[in-house]
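Here the protein sequences come in this chain order: E and U. Using the working numbering, the first residue of the first sequence is number 4, and each one after it goes up by one. Using the working numbering, the first residue of the second sequence is number 4, and each one after it goes up by one.
These aren't lab readings, by the way, just hints derived from the structure by calculation. A portion of the hints provided could be inaccurate.
Treat identical chains as interchangeable: a pair holds within one or across any two.
What the hints assert, rightly or not - Straight-line alpha carbon distances no greater than 27 Å define the calculated DSSO-like cross-link-like pairs of lysine-lysine that follow:
(1) K91 x K44
(2) K182 x K331
(3) K327 x K232
(4) K232 x K143
(5) K232 x K331
(6) K182 x K91
(7) K182 x K232
(8) K179 x K232
(9) K304 x K91
(10) K221 x K317
(11) K331 x K143
(12) K232 x K44
(13) K221 x K153
(14) K221 x K239
(15) K107 x K317
(16) K304 x K44
(17) K221 x K101
(18) K304 x K179
(19) K143 x K327
Number of protein chains: 2
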Amino acid sequence: MNTILYTGSLLSIFLASHFTIQAQDPLPSWNDGPAKQAILKFVETTTTQGSPDFVPPEDRIATFDNDGTLWVEQPLYTQLTFALDRVKALAPEHPEWKEEQPYKAIIDGDLKELIAGGKHALAAIIATTHAGMTSSDFEKITTDWITTAKHPRFHQLYTDCVYVPQLELLTYLREKGFKTFIVSGGGIEFMRPWTQRVYGIAPPQVVGSSIVTEFQMKDGMPVLMRLPKLNFVDDKAGKPVGIGQHIGQRPILAFGNSSGDKEMLQYATGGDGARLGLLVYHNDPEREYAYGPAGGLPDSKIGTFPQDLMDEAKQNGWIVVGMKNDWKRIFSFDE
Amino acid sequence: MNTILYTGSLLSIFLASHFTIQAQDPLPSWNDGPAKQAILKFVETTTTQGSPDFVPPEDRIATFDNDGTLWVEQPLYTQLTFALDRVKALAPEHPEWKEEQPYKAIIDGDLKELIAGGKHALAAIIATTHAGMTSSDFEKITTDWITTAKHPRFHQLYTDCVYVPQLELLTYLREKGFKTFIVSGGGIEFMRPWTQRVYGIAPPQVVGSSIVTEFQMKDGMPVLMRLPKLNFVDDKAGKPVGIGQHIGQRPILAFGNSSGDKEMLQYATGGDGARLGLLVYHNDPEREYAYGPAGGLPDSKIGTFPQDLMDEAKQNGWIVVGMKNDWKRIFSFDE
C-alpha cells in the first residue's frame, strides 16, 4: 500500500513537471498575433490523438527554405558572398575572367551587374568556383569560412544571423514529432557542414542545389570529386522535385519567403487534410531589411516577394509572417 | 529513509531489467562465428564512450544494399517482376514492343534474353513502364502489387522474403544510435512505400535509382509527374554519389552482396577510424540460392559475386557473410 502511494506520488511529480513544461510558451519570440495562433492551432490539431486532422508522426514533414527564411539573405545570399571570396582567390589562375561575366562583375566589385544575372547565373558561379576538389576538401573550405566570415551590417558570424523565432519553431515542431528539413536553392554541400549545429538539422535532412560529383580513387583513397557541372537547381518548380527525390513524402508544413518558394508551398498545401503554408515578409528595415516589391516595399532580386505571391498567399490561406509585427525578437544578439 | 530505500530498490529493479536486456543476444539468428563477432566488436568499439574508435551518434551512418542483401533477388529482382507485370498490362497500347527488346523478351517470357540486357536495360524498362503517372499514383500501384504478389518459389509475399538476421542487425544498429539507410540500385519510389513497415527505414532514408519527375498542376492539383527519362542510376560508382547526394556523410558501415556494391564498400571503409564492410555470399541452395561465380558457384547476371570481389574483400578486410554458415535462420517462415 505504501508502495502504491509512493508510486502515485512519484507519478504526480512527473505529471506536474510535465504539464509545467507543456504550459510554457514554445514560441516566446513570436508576438501573440494571427501567425503565431495559426501555427499553434495547426500543430495542436495535427498532433492530438483523436483530432479529425491528426497526422501520424511518420507523416509530419516540415520543410523550410533557408535564405531569408531561417537566416539573413541581404545584402547578398551568404553563399554568394562565400563564392565572391572564392572567385577573388582563384582569379589569378583565370585571366579570362577579367572579360567574362559574371566573373568580371565580381572582380570589379559590381554587385548590381552581378545580381542582374539572376539565380541561374549565381548557380553557374557557384558550380565553377566550388568544383575541382573533393567533397571533403570543400567541407573544410566551407567550415573555415563560415566560422570566421562576418555579416557586413551586423558584424556577426553568418550563423548568428539566424532568426530566433524560427529556431524556436524548428525546436517546437521536432518536440511535437515533426521531421524538419531544409529545402533551399542554396548549395546542399555548402549548408550541410553547419546545419546540425545551427538548426539541429542533420545533413541527410538538407535538400539543396548541387553540382555533379564523381566517385574517384585519388592517391589510393576513395573520394567524391566535385565537377564543374550543374546537377540540380532546387528552386521554384525544382523544390517539389527535390522534396520528391530526397524526402519522398509531401510535407504538411512549408515555410518560405520568396517567389522561389511558391511551388513548394503549393505542393505542401495541395494535399489532403490540414496543411500550413507560411511566408516570411521582410518589412523591418530597422531590425533587419525591408523588400518586396509586394506592399510597395523596395524591389529586390534577392528573395523577391512580388505582389502576385502575396495574392497567391491570400487565395491559398498561406500565412504571411511580417517580421516587424510578428517577431518580438529577431536575432540572439538583439537587445 | 524509507523513501531512499524505496528509490534504491526501484533503481535496482530498473538496472537489473536493463542489464537483462543488454545481456540478451541482439543477433539471435546469426551463428556464433567470425562475422557475428566482427559485427558485435565493431558496434561495441564505435559506440562505447572512451573507446579510441568511438564515433559520435551523428556520424553513425550505416548503408545497406537491398536486393540480395536485405531480401531475395532470385530468380529475378523483385522490381523486375513488378515491371514484367506492368509491361504485360501496358503491351496492348504498345504494339511496337512485339519487335523491340527488351519488351519482346518480356512478352515472350524469355527471361534469359531479358537478363542478358544487364542492369542498364532493366533500368530502361523500369523508366518506361513506371512513367506517365504521378508519384502518388505510382505509390498506389506499387502498394497494390507488393501487398498481393508472391515469390514463385517461397509462395510468400516478397516483403516476407526478407532476411531475419538482417532485420535483427538493422534493429540492433538503430538501438546503438546508428542511422540506417538503404542504398540500392532499385527504384527509390518502388521501395519507399513499404520500407518503413518492413525494415523500419523511413522514405527519406531510402536512396535508389530514379527517373525524372516534374512539378505540374494537374486538374488544379499540384503533383509530381513521372517522366520516361532516367534521372540517376544508383549502382556501382553511382552508389557513393547517391550517398553523397542524399546522406552527405561517409558511412562507417556498409553491407552489400554483389559487384554493384563494391564502390559503396570502398567508400565506406576508405575513411578514417573504425570501418566495417560486409557482403552477403549466397551459398545456400537449400534454404535460399547459391550463386557467385566466386567459389565456383553458378554464375548469375543478378547479384553477381565474381572472384575479384572476393579478392577485394580479403584485401580490404571486408567480412563475407556466408548465408549457409553464418545465418541460423533466414526467413521468418522457416521452421
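Now for the hints, and whether the structure bears them out:
no.: 1; hint: K91 x K44; result: neither (49 Å within a copy, 49 Å between copies)
no.: 2; hint: K182 x K331; result: within (26 Å within a copy, 37 Å between copies)
no.: 3; hint: K327 x K232; result: neither (40 Å within a copy, 46 Å between copies)
no.: 4; hint: K232 x K143; result: within (21 Å within a copy, 36 Å between copies)
no.: 5; hint: K232 x K331; result: neither (43 Å within a copy, 49 Å between copies)
no.: 6; hint: K182 x K91; result: neither (39 Å within a copy, 39 Å between copies)
no.: 7; hint: K182 x K232; result: neither (31 Å within a copy, 30 Å between copies)
no.: 8; hint: K179 x K232; result: neither (40 Å within a copy, 39 Å between copies)
no.: 9; hint: K304 x K91; result: within (23 Å within a copy, 51 Å between copies)
no.: 10; hint: K221 x K317; result: between (54 Å within a copy, 21 Å between copies)
no.: 11; hint: K331 x K143; result: neither (36 Å within a copy, 45 Å between copies)
no.: 12; hint: K232 x K44; result: neither (44 Å within a copy, 42 Å between copies)
no.: 13; hint: K221 x K153; result: neither (34 Å within a copy, 45 Å between copies)
no.: 14; hint: K221 x K239; result: between (36 Å within a copy, 17 Å between copies)
no.: 15; hint: K107 x K317; result: neither (41 Å within a copy, 53 Å between copies)
no.: 16; hint: K304 x K44; result: neither (34 Å within a copy, 55 Å between copies)
no.: 17; hint: K221 x K101; result: neither (32 Å within a copy, 47 Å between copies)
no.: 18; hint: K304 x K179; result: neither (36 Å within a copy, 47 Å between copies)
no.: 19; hint: K143 x K327; result: neither (37 Å within a copy, 45 Å between copies)
Comparing the model with each earlier hint shows violations of hints 1, 3, 5, 6, 7, 8, 11, 12, 13, 15, 16, 17, 18 and 19; every other hint is respected.
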